[in-house]
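As a plain string of letters, each chain reads:
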Amino acid sequence: MRATAVPVLAACAALGMGAAAWAVDPTELPDPALQARYVALTHELRCMQCQNESLADSPVDLAADLRREVRELLLAGKSDEEIRGWMAARYGDFILFRPRYSLRNAWLWAAPVVLLLIGMLIAWRVVRARTQLLAADSSAPEEDGQP
Amino acid sequence: MNRFLLPLGLFVLLAVVLAIGIRHSAEKGVIASPLLGKPAPQFSLPELRDPAQVVRSADLKGRWYLFNVWGTWCGECRAEHEMLLKVQRAGIVPLIGLDWKDDDAQALAWLTQLGNPYQAVAVDHSGRAAIDWGVYGAPETFLVSPQGVVVYKRVGALTDEIWTREILPRMSRAAAPGRS
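Residue numbers (this note's numbering), protein chains in the order written: chain A, 1 to 147; chain B, 1001 to 1180.
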């Protein structure tokens, strides 16, 4: 059992190392906490040249330059929000994969709620009209026996 | 009556939303620059032909200029070059170049071979100035006002149409009313 486990583990380790070597971005920051923030940030910032890739996944020159900026801003002690703002000031909100709330896109966020409320209002009015109709209908034959 | 009012209202609402979408469809492919209406980014970079000299954004204040981002690695820039020479010959607004992540010798050869439309060419080896300007693909051209404000940005080659429809009117509109 143990004899087979060793090659399997070795294969896993080799695959893992292979994955690391294949990564576009070999950056390793000295501080693991910074490294984690670096990885998170480069995954949520858009490569402006390829547009559907993140900075972390893109092999183009500009993405490498922007990763360098992220790295240096992190090392300079900037917060994640400051770095996002820094990027958006230059490239616009388009660079942020995770959209920010703003007055301009507020209607987008509000639309589902507003539509739901309108739907509920319509449904409530239809149900009320039906029940009133039913009530009026059932009272009619009881009042008198006229044809 | 009421039963027609609601569908009609919804139809009008939908029509308005779609109309807005259609009117803005021309800008769909272009990413609006957050720099428009804001002060142009500061830079201080060596000049291509004489690296001892420094091209400073501060020195450019007080007059209109076109800030053109290019590189010899950029095919579209070669296509654009003839138009840049035309702009230079018109003598209305100076062109300031930003040679983006390029080889100096190749850039100099490019200007000798194709002609030099630029009043000055700032060299950006690190790509930092380009990032400050929010550049994501050469060629890009910015029109900067005498107050140092970015008034217009063109992503892609400058053309006759852009020059006459977008750039010239912006300069004359600003210069016309009560300047004297």
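Simulated from the structure, these hints should not be mistaken for laboratory data. Even glycine gets a Cβ: it sits at the ideal position worked out from N, Cα and C. Don't take every hint at face value.
[What the hints assert, rightly or not] Some chain A residues close to chain B (C-beta under 8 Å, calculated; not the full set):
id: 1; residue: E44
id: 2; residue: M48
id: 3; residue: Q49
id: 4; residue: P59
id: 5; residue: L62
id: 6; residue: D65
id: 7; residue: E69
id: 8; residue: L74
id: 9; residue: K78
id: 10; residue: A88
id: 11; residue: A89
id: 12; residue: Y91
id: 13; residue: F94
[Claimed, not checked] Here are a few chain B residues that face chain A, going by a calculated C-beta distance under 10 Å:
id: 14; residue: I1031
id: 15; residue: A1032
id: 16; residue: G1037
id: 17; residue: K1038
id: 18; residue: Q1042
id: 19; residue: P1046
id: 20; residue: I1131
id: 21; residue: W1133
Hint check results:
{"no.": "1", "hint": "E44", "in the structure": "17 Å, violated"}
{"no.": "2", "hint": "M48", "in the structure": "4 Å, holds"}
{"no.": "3", "hint": "Q49", "in the structure": "6 Å, holds"}
{"no.": "4", "hint": "P59", "in the structure": "15 Å, violated"}
{"no.": "5", "hint": "L62", "in the structure": "6 Å, holds"}
{"no.": "6", "hint": "D65", "in the structure": "4 Å, holds"}
{"no.": "7", "hint": "E69", "in the structure": "6 Å, holds"}
{"no.": "8", "hint": "L74", "in the structure": "16 Å, violated"}
{"no.": "9", "hint": "K78", "in the structure": "15 Å, violated"}
{"no.": "10", "hint": "A88", "in the structure": "7 Å, holds"}
{"no.": "11", "hint": "A89", "in the structure": "6 Å, holds"}
{"no.": "12", "hint": "Y91", "in the structure": "5 Å, holds"}
{"no.": "13", "hint": "F94", "in the structure": "5 Å, holds"}
{"no.": "14", "hint": "I1031", "in the structure": "5 Å, holds"}
{"no.": "15", "hint": "A1032", "in the structure": "6 Å, holds"}
{"no.": "16", "hint": "G1037", "in the structure": "13 Å, violated"}
{"no.": "17", "hint": "K1038", "in the structure": "9 Å, holds"}
{"no.": "18", "hint": "Q1042", "in the structure": "13 Å, violated"}
{"no.": "19", "hint": "P1046", "in the structure": "19 Å, violated"}
{"no.": "20", "hint": "I1131", "in the structure": "6 Å, holds"}
{"no.": "21", "hint": "W1133", "in the structure": "7 Å, holds"}
In this structure, the earlier hints numbered 1, 4, 8, 9, 16, 18, 19 are contradicted, and the remaining ones agree with it.
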